[in-house]
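Now for the letters of each chain:
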Amino acid sequence: MKTAAGVFLGGAASRLLPASIPFRFFGAAVAFHLLAWLALLAGADRFPRFSAGLGWPLAALHLVTLGVLVMTAIGASLQLLPVATRQPVRSTRWPAAIWWLYTPGVAAVAFGMGSGLPLLLGVGGVAVALALLAYAVLLATNLRGARGMPGVVAHGWAALGSLLVVLATALALAGAYLGTPLLGRATALALHIAFAAYGFMGLLALGLSIILVPMFALSAAPDERQAIASCALAVTALALAALAAFGVAPQPLRVIAIAIGGGAVALHLRLMLDALRTGMRRELGRSFTLVRIAWAALVASLAGALAVVLEAPLAGLPTLFGLTLIGGWLLTFLLGILQRILPFLASMHAARGSKRPPTPSSLSADRPLAIHFFCHLAALAGLALAVVADSPLIAALAAGVGALGAAAFGGFFLILLRRMRARAPAPQPCTTPAA
Amino acid sequence: MTADATQRRWRDADGEHIDVRGLPPPQPLVAILRLVREQGDVGGAAVIVHFDRDPQLLHSELAEIGWVAERIDAEPGEVRLRLERVP
Numbered sequence: 001m002k003t004a005a006g007v008f009l010g011g012a013a014s015r016l017l018p019a020s021i022p023f024r025f026f027g028a029a030v031a032f033h034l035l036a037w038l039a040l041l042a043g044a045d046r047f048p049r050f051s052a053g054l055g056w057p058l059a060a061l062h063l064v065t066l067g068v069l070v071m072t073a074i075g076a077s078l079q080l081l082p083v084a085t086r087q088p089v090r091s092t093r094w095p096a097a098i099w100w101l102y103t104p105g106v107a108a109v110a111f112g113m114g115s116g117l118p119l120l121l122g123v124g125g126v127a128v129a130l131a132l133l134a135y136a137v138l139l140a141t142n143l144r145g146a147r148g149m150p151g152v153v154a155h156g157w158a159a160l161g162s163l164l165v166v167l168a169t170a171l172a173l174a175g176a177y178l179g180t181p182l183l184g185r186a187t188a189l190a191l192h193i194a195f196a197a198y199g200f201m202g203l204l205a206l207g208l209s210i211i212l213v214p215m216f217a218l219s220a221a222p223d224e225r226q227a228i229a230s231c232a233l234a235v236t237a238l239a240l241a242a243l244a245a246f247g248v249a250p251q252p253l254r255v256i257a258i259a260i261g262g263g264a265v266a267l268h269l270r271l272m273l274d275a276l277r278t279g280m281r282r283e284l285g286r287s288f289t290l291v292r293i294a295w296a297a298l299v300a301s302l303a304g305a306l307a308v309v310l311e312a313p314l315a316g317l318p319t320l321f322g323l324t325l326i327g328g329w330l331l332t333f334l335l336g337i338l339q340r341i342l343p344f345l346a347s348m349h350a351a352r353g354s355k356r357p358p359t360p361s362s363l364s365a366d367r368p369l370a371i372h373f374f375c376h377l378a379a380l381a382g383l384a385l386a387v388v389a390d391s392p393l394i395a396a397l398a399a400g401v402g403a404l405g406a407a408a409f410g411g412f413f414l415i416l417l418r419r420m421r422a423r424a425p426a427p428q429p430c431t432t433p434a435a
Numbered sequence: 001m002t003a004d005a006t007q008r009r010w011r012d013a014d015g016e017h018i019d020v021r022g023l024p025p026p027q028p029l030v031a032i033l034r035l036v037r038e039q040g041d042v043g044g045a046a047v048i049v050h051f052d053r054d055p056q057l058l059h060s061e062l063a064e065i066g067w068v069a070e071r072i073d074a075e076p077g078e079v080r081l082r083l084e085r086v087p
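If you read the sequences in order, they're chains A and B.
Under my numbering, the first residue of the first sequence carries the number 1, and numbering increases by one thereafter.
Under my numbering, the first residue of the second sequence carries the number 1, and numbering increases by one thereafter.
Chain A with its partners taken away, still in its complex shape (with noise of 0.2 angstroms):
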């Protein structure tokens, strides 16, 4: 008989990324977004008519978007897929690589965008989108074997779709920058906000959750059929936005469109809360709470797209909708998965070759993260608030708040990392293959 967990997870191991990779991703997030909170602070005076243009806040949008919300879904993938498709991880050497490339890359791009500097962020955008297509075939590679759960791989499917979308119309708009434009930019706009926030980043957000949702609440897997269906909702929304974006119908389309995307909202939204009225785990604390939220300003997002498609006289309707979109649902509901998902990925990297593993609620650090939520939660009331005031004054006094909750993230970032080294046993041989 063998008898350690070892060898148990010795097994689990072949699924199992090495902790180096995923969490260098994670790291990154960490820290773009404590950068994001500042970018912002750095750019309140024009954050509240904030619409479009080169500055600190589009700077803050996309160390957001790409430096916190894809830098974890490529992490987060790249760990969960091959459990939830059933394949091994066949390299580590393209995802280090990727990191090594797309989050200079970011860096770059954030850079160019808040300083007015064209050229770098031309270069960034180069080696974010160079770095985004490598992503884009190790997850096509894991999708096209998968076995089992065609809920999830059917929205991979359609994330990877629209990620070939957001890269094609974000070159689209660094060469209008740098004089050279390759589409109409209300085109390439209007295509690059559908297809990153609700495609790419909202697809692989929905997909995860019916593999995290139903493990975190333990639950049984949502009916599969009906996720398909909820995915397919989508993609229909977002290919009449799409033919909306080229010029077809505008308003009519993007109204039926956002009644679309709502059905499959809706019916997302009763799969996750059947999973959590059904499941044995009913206290799912604080990081379910931001979930909670976060779907709720996923709808909330949506109400708010009618809206700026209406032309609903209010003043600063579209910052109010993408601060919805991406501050009220994507960032929440990341950050509300990630403070559950650390701690277990943490159990299980210092689990190896040990008979016991450490426990992952003690490798949380709950006081910083009870920072990070009253912080998170005040700074986005508070840009909603700077919105509605016109006050760059109060935008920057809730950039401030949100760079405390984010430098509260962080230390229990480090807090996990510290206490995961601590209880890991000695490094042994990597006898992953390489690609």
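Since no wrong hints were added, every one of them can be taken at face value.
A few chain B residues that face chain A, going by a derived Cβ cut-off under 10 angstroms, partial list only: (1) Leu23; (2) Val30; (3) Glu64.
The following label-pair restraints were derived from C-beta to C-beta distances: (4) A:Ala370 x B:Asp73: 42 to 48 angstroms; (5) B:Pro76 x A:Glu283: 40 to 46 angstroms; (6) A:Leu182 x B:Arg21: 49 to 55 angstroms.
Which chain A residues stay away from chain B? Per the calculated CB distances, all over 12 angstroms, these: (7) Gly53; (8) Leu164; (9) Ala168; (10) Ala172; (11) Leu189; (12) Leu233; (13) Ser287; (14) Thr289; (15) Ala389.
Honestly, the hints are just simulated from the structure, not real lab data.
Beta carbons: idealized from backbone N, C-alpha and C, even for Gly.
Put chain B on the given structure of chain A with help from the hints.
Below, chain B alone, put in the same frame as chain A:
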């Protein structure tokens, strides 16, 4: 063998068995933890789990509730674990 995890349970001399092979995630985790909780409630014996693949999160979940897993001999292509409460 049926597709219902609740019908893949049996008692043997070495403990309560559960076969979760073929179930999509997170069903194996949920079924095992439900059985572990039942066993804990009645002060039951060890739980023997039959997997067809690597259990990813089970180890950490078990640690949270004071249980531990050890790998035992199994047929080729199967991963078999013995779960028991930490003394």
